Amino acid sequence: MTAITDPTTPRRTRSRARTTGSLLSLGALLATSVTSTALLTAAPATAAETLLSQGRTATASSSEGAAWGASAAFDGDLTGTRWASQWNDAQWIQVDLGSSKDVSRVVLNWEGAYGKAYDIQLSDNGSDWRTVKSVTAGDGGTDDLAVTGTGRYVRLQGVTRGTGYGYSLWEFQVYGTDGMTNPPPGGAVKVTGSQGNWQLTVGGRPYTVKGLTWGPAMADAPRYMPDLKSMGVNTVRTWGTDASSKPLLDAAAAQGLKVMNGFWLQPGGGPGSGGCVNYVTDTTYKNNMLTEFAKWVDTYKSHPATLMWNVGNESVLGLQNCYGGAELEAQRNAYTTFVNDVAKKIHSIDPDHPVTSTDAWTGAWPYYKRNAPDLDLYSMNAYGDICGVRQDWIDGGYNKPYIITETGNAGEWEVPDDANGIPDEPTDVQKAEGYTKAWGCITGHQGVALGATMFHYGLEHDFGGVWFNLLPDGLKRLSYYAVKKAYTGSTAGDNTPPVITNMTVSPASAAPAGREFTVRADIRDPDGDPITPKIYLSGNYANGDKRLVDAQYRSLGNNTFAVTAPEKLGVWKVYIQAEDGRGNAGIETKSVKVVAPPVTGTNIALNRPTTASSAQASYGDCPCPASNATDGNTGTRWASDWSDPQWIQVDLGASKPIRTVQLVWDPAYAKSYEVQVSDNGTTWRTVHTTTTGNGDIDTIEPATTARYVKLQLTARGTGWGYSLHEFGVYS
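In terms of my numbering, the sequence shown opens at residue 1383 and continues consecutively.
FYI, nobody ran anything at the bench for these hints, they're computed from the structure. Be aware that one or more of the hints could be misleading.
Said to hold, decoys possible - Pairwise CB distance ranges (calculated):
id, residue 1, residue 2, range
1, Pro2039, Val1931, 35 to 41 Å
2, Ser1505, Ala1601, 30 to 36 Å
3, Thr1982, Glu1815, 44 to 50 Å
4, Gly1480, Leu1527, 51 to 57 Å
5, Thr2073, Val1662, 54 to 60 Å
6, Pro2049, Ala1712, 56 to 62 Å
7, Pro1755, Asp1800, 44 to 50 Å
8, Thr2068, Thr1545, 54 to 60 Å
9, Pro1908, Ala1601, 54 to 60 Å
Claimed, not checked - Taking lysine-lysine and the DSSO-like style, the derived pairs with C-alpha atoms no more than 27 Å apart in a straight line are:
id, residue 1, residue 2
10, Lys1683, Lys1611
11, Lys1628, Lys1677
12, Lys1727, Lys1668
13, Lys1751, Lys1572
14, Lys1726, Lys1628
15, Lys1727, Lys1628
16, Lys1611, Lys1668
Note that the structure is predicted; figures quoted are calculated from it, not measured. The beta-carbon is built from N, C-alpha and C at its ideal position, and this holds for glycine as well.
Model the full assembly from the supplied sequences, consistent with the hints where possible.
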């Protein structure tokens, strides 16, 4: 046979957090858009592309050691284990598929040591090889290669390395057709049984939902589905269904997993979510949603991965942001009545898959019971108090089973505040225990609770991602393994994350801005792996920025670090992240309150007469008079009109030596300003000028003598006015 060669550059992807934004509220920003008008052809009920290589016998020309053998590239672990060759070009790795297969795709997840040039080869006997793909310009990352051919053995033959090391693969995945030896469960999905003795069945077989909510981009589903399967997951849940859903459904079917297809309704996501709809009067919105949902039900009703349809997410709760009193009650009744209309519409199109609806806690269930009889089962999101759902179901006299669609460790709204007045985030150990406890309570309500899709298989490495994600930035947490043990019964043989305990921050409630504070913790790795600690900061509670940013820090030894505090005042979160080099991480966090740096001397402006060009009388927390800037309280502020220029000045009562001026800005800061002094309040001299203000604390040392001190503010740093928490003058 003539070799088929395609010297192309592979399509390259990266394992990154999805681009729809950070976790601002549970589910709210995870909703996939349901506004697409693209039309798809219904997926045929035929054999889907299947992962053929995972767990199969693998061999290689060499390895760096026993820990990096060939089998590590076929174990389904995308970030924890890897094959690594010796450091020369002519290396290979191959897998035995067990019998001849039609191969359609090869996915190579490279570690840093990648192949620049290599061939993908097939063989029927393991001796005679034919090349079906040649790559000459590989650049690492993930190479997703379309191939065409049949063979029992698949080999990567290295030609040229991309680095000075060898070749190293996290995972080598071969996809194709295996004659449906591993098909997903097929047939109609039904809720069967009677009061208190229900079960979910797929094709007549019992099916307990062992699920996770889906976080990565839909297009990345082929990369992550094998990992989900290795965790014992059989179901993933989405918040929106449209044209972008097909890759997820296809990848799920290829691994034998199911999908709970969500439909988003406003105001979804519970407290803090936007989009107010009048369900009593807005027939246009309701008709549009009915039409939209019906289109995608018709599109995906025959897809082998479809498990059920889930209408809405926490909208009964979210309506409290739009209405109150009797009107709120009317809207909640109208909303749940509309959910019933959607359920009837879905049943008319697809009688073979159940319909449910999710809300927060059990407060929505009386409305469903009254207004939505066509729902096949209920769904709800519950975290710290998950074990109370059973009693609520009993006390409410409900006559339908339920699924928990979000659960895990306790959320911000369920934990006590710490000494700095912000929610005290559970430790990694406590979070893992939360998942274990949740699954125990769900399975303990036999015949009623039909399973769960726990929260959250997400990659975001930010404030919400660290609180809830099982693998932020692709790093597996203790919670990841807690879910795996709940679903499979064992994590024996797994390399698990470092464990962090006894984290402390000092001083926790008085860290001077821009200066160092101390962070310490006990860190151990159960497997004895070398640990790399990192320090991050989040300004979520200080300035609303949920990102985790690299802290400036230095090691003091013994897992103790000197961390430079931000310039922005307020309560910050500081994180220790301990990585083991095997794809795992332990993460702990505590709060630190950043305060104005102490200034030596006496604040001679404290409570002295203060005037300004203007002051806001009523906006937000105002009135905000000039005197607020000299009252010694960083919780109050002066705020000007929204225009340039403005000024604020203080009368010290007599001419006094001035050594330091400290300005504690609100977010509405001055980009350009002058510090001026005067002996008579009329004739002024400038002692400091800047055009590069950044809104942080400004400490100025004018070394002068005067009775009056003025800030002449010439250019705002924001679209608001100027705002100062404190205008301190020190002798």
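Now the hints, each set against the structure:
1. Pro2039 with Val1931: 35 to 41 Å: At 40 Å between Cβs, range holds.
2. Ser1505 with Ala1601: 30 to 36 Å: With a Cβ separation near 31 Å, Ser1505 and Ala1601 satisfy 30 to 36 Å, so the hint holds.
3. Thr1982 with Glu1815: 44 to 50 Å: This hint holds: roughly 48 Å between Cβ atoms.
4. Gly1480 with Leu1527: 51 to 57 Å: 21 Å, violated
5. Thr2073 with Val1662: 54 to 60 Å: 55 Å, holds
6. Pro2049 with Ala1712: 56 to 62 Å: 39 Å, violated
7. Pro1755 with Asp1800: 44 to 50 Å: With a Cβ separation near 46 Å, Pro1755 and Asp1800 satisfy 44 to 50 Å, so the hint holds.
8. Thr2068 with Thr1545: 54 to 60 Å: 57 Å, holds
9. Pro1908 with Ala1601: 54 to 60 Å: 35 Å, violated
10. Lys1683 with Lys1611: 23 Å, holds
11. Lys1628 with Lys1677: Status holds; Cα separation ~14 Å.
12. Lys1727 with Lys1668: 12 Å, holds
13. Lys1751 with Lys1572: Answer holds: Lys1751 to Lys1572 is near 20 Å, not above 27 Å.
14. Lys1726 with Lys1628: The hint holds at about 24 Å.
15. Lys1727 with Lys1628: With a Cα-Cα distance of about 22 Å, the restraint between Lys1727 and Lys1628 holds, given a limit of 27 Å.
16. Lys1611 with Lys1668: 37 Å, violated
Going down the numbered hints, you'll see the structure goes against 4, 6, 9, 16, while the others check out.
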